[in-house]
Each structure stands twice: as structure tokens, then as C-alpha cells.
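At position 38 of the sequence shown (counting the first as 1) the number is 37 in numbering that gives the first Met the number 0, and the numbers step up by one without a gap.
Hints were generated in silico from the structure; no laboratory data involved. Everything numeric in this text was worked out from a predicted model, so none of it was measured. Where hints are given, some of them may not hold.
To be verified - Cut-off 20 Å, straight-line C-alpha distance, at most; resulting in silico cross-link-like pairs (EDC-like, lysine to aspartate or glutamate):
hint: 1; residue 1: K292; residue 2: D307
hint: 2; residue 1: K28; residue 2: D263
hint: 3; residue 1: K205; residue 2: D312
hint: 4; residue 1: K292; residue 2: D282
hint: 5; residue 1: K11; residue 2: D198
hint: 6; residue 1: K292; residue 2: D312
hint: 7; residue 1: K73; residue 2: E116
hint: 8; residue 1: K93; residue 2: E19
hint: 9; residue 1: K28; residue 2: E180
hint: 10; residue 1: K113; residue 2: E181
hint: 11; residue 1: K113; residue 2: E132
hint: 12; residue 1: K139; residue 2: D30
hint: 13; residue 1: K11; residue 2: E151
hint: 14; residue 1: K211; residue 2: D312
hint: 15; residue 1: K117; residue 2: D89
hint: 16; residue 1: K273; residue 2: E316
hint: 17; residue 1: K113; residue 2: D89
hint: 18; residue 1: K285; residue 2: D263
hint: 19; residue 1: K113; residue 2: D79
hint: 20; residue 1: K117; residue 2: D141
hint: 21; residue 1: K11; residue 2: E132
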Amino acid sequence: MTQELHTHREIKQQPRVWREAYNMVRARKADIAAFLGRFLNQGYEIVLTGAGTSAYIGDALEPALFDTRFRRAKAIATTDILTAPEFYFDQQSKVLLVSFARSGNSPESVGTVKAVEKAAGKVAHIFITCNPEGQLAQTKGDNILTLLLPPETNDVSLAMTSSYSTMLLVCSLIAHIDTIEEQGAYIDAIADAVANAIDRYEDAIKEIASRKFNRAVFLGSGPLKGVAEESRLKLQELTDGAVMCAYDSFLGFRHGPKAIVKADSLMVYLFSPKEYIQRYERDLYKQVTANNKVTANVAICLQRPNMDMSACDLCIELGFPENIPASYGCVAYVFVAQLLGYYKSLDCGLCPDSPSVSGNISRVVEGVTLYI
0 MTQELHTHRE
10 IKQQPRVWRE
20 AYNMVRARKA
30 DIAAFLGRFL
40 NQGYEIVLTG
50 AGTSAYIGDA
60 LEPALFDTRF
70 RRAKAIATTD
80 ILTAPEFYFD
90 QQSKVLLVSF
100 ARSGNSPESV
110 GTVKAVEKAA
120 GKVAHIFITC
130 NPEGQLAQTK
140 GDNILTLLLP
150 PETNDVSLAM
160 TSSYSTMLLV
170 CSLIAHIDTI
180 EEQGAYIDAI
190 ADAVANAIDR
200 YEDAIKEIAS
210 RKFNRAVFLG
220 SGPLKGVAEE
230 SRLKLQELTD
240 GAVMCAYDSF
250 LGFRHGPKAI
260 VKADSLMVYL
270 FSPKEYIQRY
280 ERDLYKQVTA
290 NNKVTANVAI
300 CLQRPNMDMS
310 ACDLCIELGF
320 PENIPASYGC
330 VAYVFVAQLL
340 GYYKSLDCGL
350 CPDSPSVSGN
360 ISRVVEGVTL
370 YI
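All chains, full assembly: derive it from the sequences and hints.
This is how it looks when you write it as C-alpha cells:
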């Protein structure tokens, strides 16, 4: 039997790892709550930051945390902060910087900590990271809270999979820290839904990946736009750019970006669980499928949308409870792009664990000089 590749194992382990991460956060309720109270009660502004996939965590969470004490958190990538921190901070700024980092060693992660401390008046840090040996995890201070995730989240593969989803969930959990005991039911429900969906749909996703397409588009609304952003990257990097990918909101897609849709396109629709949002999404789906012939249309949804789905090649129903907060529910969608990327990488003759034949991308970004 062929040995399972790291990427495949890291995708499929996610439901189990999410439960482990929840238990870790719950066990630290007292010190997390005390840390948050210490700084949020002083009016510190929350900034969610990271680079690449780690930045996309913030992009999904910024709208998803609307009903938590992180409601006004801003997502600003380290790659934006580092080049011009004065665009975002001044000496009157009080910042709680939440840094997402798989390795904790990327130049932008380390450099942004220094840049914000230099530009802002007062700074506290939450490091959500997967690597105990990384520079972020090794940085100590009374203004620092470090949340080290289960060791399995420190993906061996080039592509971030379980690291992405678990860091996202851990940030959501700390935003709900005052009611952490109640959050376990949501994590269990999401974990069960994704484990069941992987078992049910993996072969169908593999078949879609075997089709001939050179471009793909991922669409989502609100938090799912951020998940679409990450989904786009997963398929593109795992195929070493052989499949060029784009993402957008359902409504924004009409305003020019829809020109990308050609016969060699894969369309992936991340339908919102919220009916009032999905009304707009269904209209866009109808328009695209009526006017365009593409390689495949894939829908990901809580339940099958109430409309004609005859043009849909694969409809993935997640089936988690409707009352699950958006900051948990959105993460249930990302496994589809992870598996599409994994199987398309194999279809392209690449190794998903290290797909970059050109060497253009690496597990930890290289070649960045810090000018601080």
C-alpha cells in the first residue's frame, strides 16, 4: 500500500484536531479571560494579522465575529503593515495585535511585531501559532499571550490546511471565552459535519479534480468571502499555478471579474447558510449557469438551495445545525478546496506535499529583507 501523503492526512485530521484545540482553550479559560479583560477594558483596538493564508484567517473572521467582544476587530495583513505601519497606527494607538502564524518564523510575522511596537503608542500581543520552536512562540513578555496549537497543526506539507482552520477556530473560541463551556457543542457539530462530508464526498471531489480545467473561481459572501480567498490559494499553490484561481463575493463578481468565466473554468459557489444572504447568491448562480458553459459547477451549502440545480455537477451539503455562529460555520467549507487542490496536484503529476517545482513558493517564505 502506498504511504499516505502528509497533505491528505493533514486535511482529514482536522475534525479531530479542532476538538483538541477546543479542550486546550477551555483549560486556559482563566488566563485568556484575564488577559483580554486587562487590555480590552482599556480600549485596545483588535487587529488580526498574518501573511498569505494566515492573513485570510483575519479576512474571514473580521465579519464573522460581529456578535462577539471582537466585533470591531480589523484584519490587516502583515505584508501591508510592514511596508507602511504609519498608514494604520500612530502614537495615540492602543493595539491588541492578534498574530496568526504556522511557523512563527516568517520575516513578516517577526517584523510586524517590531514595526507595530515602534509605530503605536501601546501594544499587546496574542500569538496563535503552531510551532513551539518558532520566534513568536519563543517571545515572552507580560503583554503577550501565546496560544500554542496541537502539534499536528504544524503542517509538514507546504500548503496550510489544518493550521489554517484550527487557528481560525481558536481565535473564534477566545472571542467567546466567557461562555467557552457552551462552545464545545458547536465545535463537535462542525467536526462531525466535516468528517461526515469528507467521507461522503471525497470520491466525487476527486472526480471533479480529474476534469480538464485551467482556471477556477471561488465565490462567497461575508465570512465565506474570506474562505473563498483561502480556497483560491489552496488550489492554485497545490497545482504550482497550473490552475489559475480567483475569488470574489457573489455580488462583486458581476462588476467586471465575471469576465474570467470561460469554458475551461471550474466554478465553486460557497452558499451562505443565511436565507436573506442566499437570495442574492442564487440570483448570481442562475445568471452564470444560464449564460456560461464551464467545466464544472460545484456548490457547497448547509442544505441544497431551493432552486433549479440541474447545472450543478456536485452539490456538497454540510448539514450542520443552523444556529452555529458564523465564526465556526465558515470553516466547514474549506476542506472542499483543500481536497480539490490535493487531487488536482496529483492529476498534474505533482507531489502535493511539495508541489512547487519552480521553487517559487516555500513552506516558510524566504528572501524578505526587513527595513525596520
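Tested hints:
This hinted pair checks out: K292 and D307 have alpha carbons roughly 16 Å apart, not beyond 20 Å. The suggested pairing of K28 with D263 is violated, with an alpha-carbon distance near 50 Å, which exceeds 20 Å. For the hint pairing K205 with D312, the CA-to-CA distance comes to about 13 Å; that is within 20 Å, so the pair holds. With a CA separation close to 17 Å, the supplied pair K292 and D282 stays within the 20 Å bound.
Distance check on the hinted pair: K11 and D198 sit about 9 Å apart at the alpha-carbon level, within 20 Å; holds. Pair hint K292 plus D312 holds up; C-alpha atoms about 12 Å apart against a cutoff of 20 Å. With a C-alpha separation of about 17 Å, the suggested pairing of K73 with E116 holds against the 20 Å cut-off. Between K93 and E19, the direct Cα distance comes to roughly 33 Å. Violation of the 20 Å bound is thereby established for this hinted pair.
Using a Cα cut-off of 20 Å, the hinted pair K28 and E180 holds, with the two alpha carbons roughly 9 Å apart. Annotation: proposed proximity of K113 to E181 is violated, straight-line Cα distance about 37 Å (limit 20 Å). Restraint check for K113 and E132: the C-alpha separation of about 19 Å stays at or below 20 Å, so the hint holds. A threshold of 20 Å between alpha carbons decides the hint, and for K139 with D30 the separation of about 15 Å falls inside it, so the pair holds.
With a CA separation close to 11 Å, the supplied pair K11 and E151 stays within the 20 Å bound. In summary, the hint linking K211 to D312 is supported, as the alpha carbons are separated by about 14 Å, within the 20 Å threshold. In summary, the hint linking K117 to D89 is supported, as the alpha carbons are separated by about 9 Å, within the 20 Å threshold. In summary, the hint linking K273 to E316 is supported, as the alpha carbons are separated by about 14 Å, within the 20 Å threshold.
A C-alpha spacing of about 14 Å is found between K113 and D89, which places the hinted pair at or below 20 Å, so the restraint holds. Only pairs whose Cα atoms come within 20 Å are accepted, and K285 paired with D263 is accepted, the gap being roughly 19 Å. About 14 Å separates the Cα atoms of K113 and D79, which keeps this hinted pair within 20 Å; it holds. For the hint linking K117 to D141, the alpha-carbon distance of about 17 Å falls within 20 Å, and the restraint holds.
In summary, the hint linking K11 to E132 is not supported, as the alpha carbons are separated by about 25 Å, beyond the 20 Å threshold.
When each numbered hint is compared with the structure, violations occur for hints 2, 8, 10 and 21.
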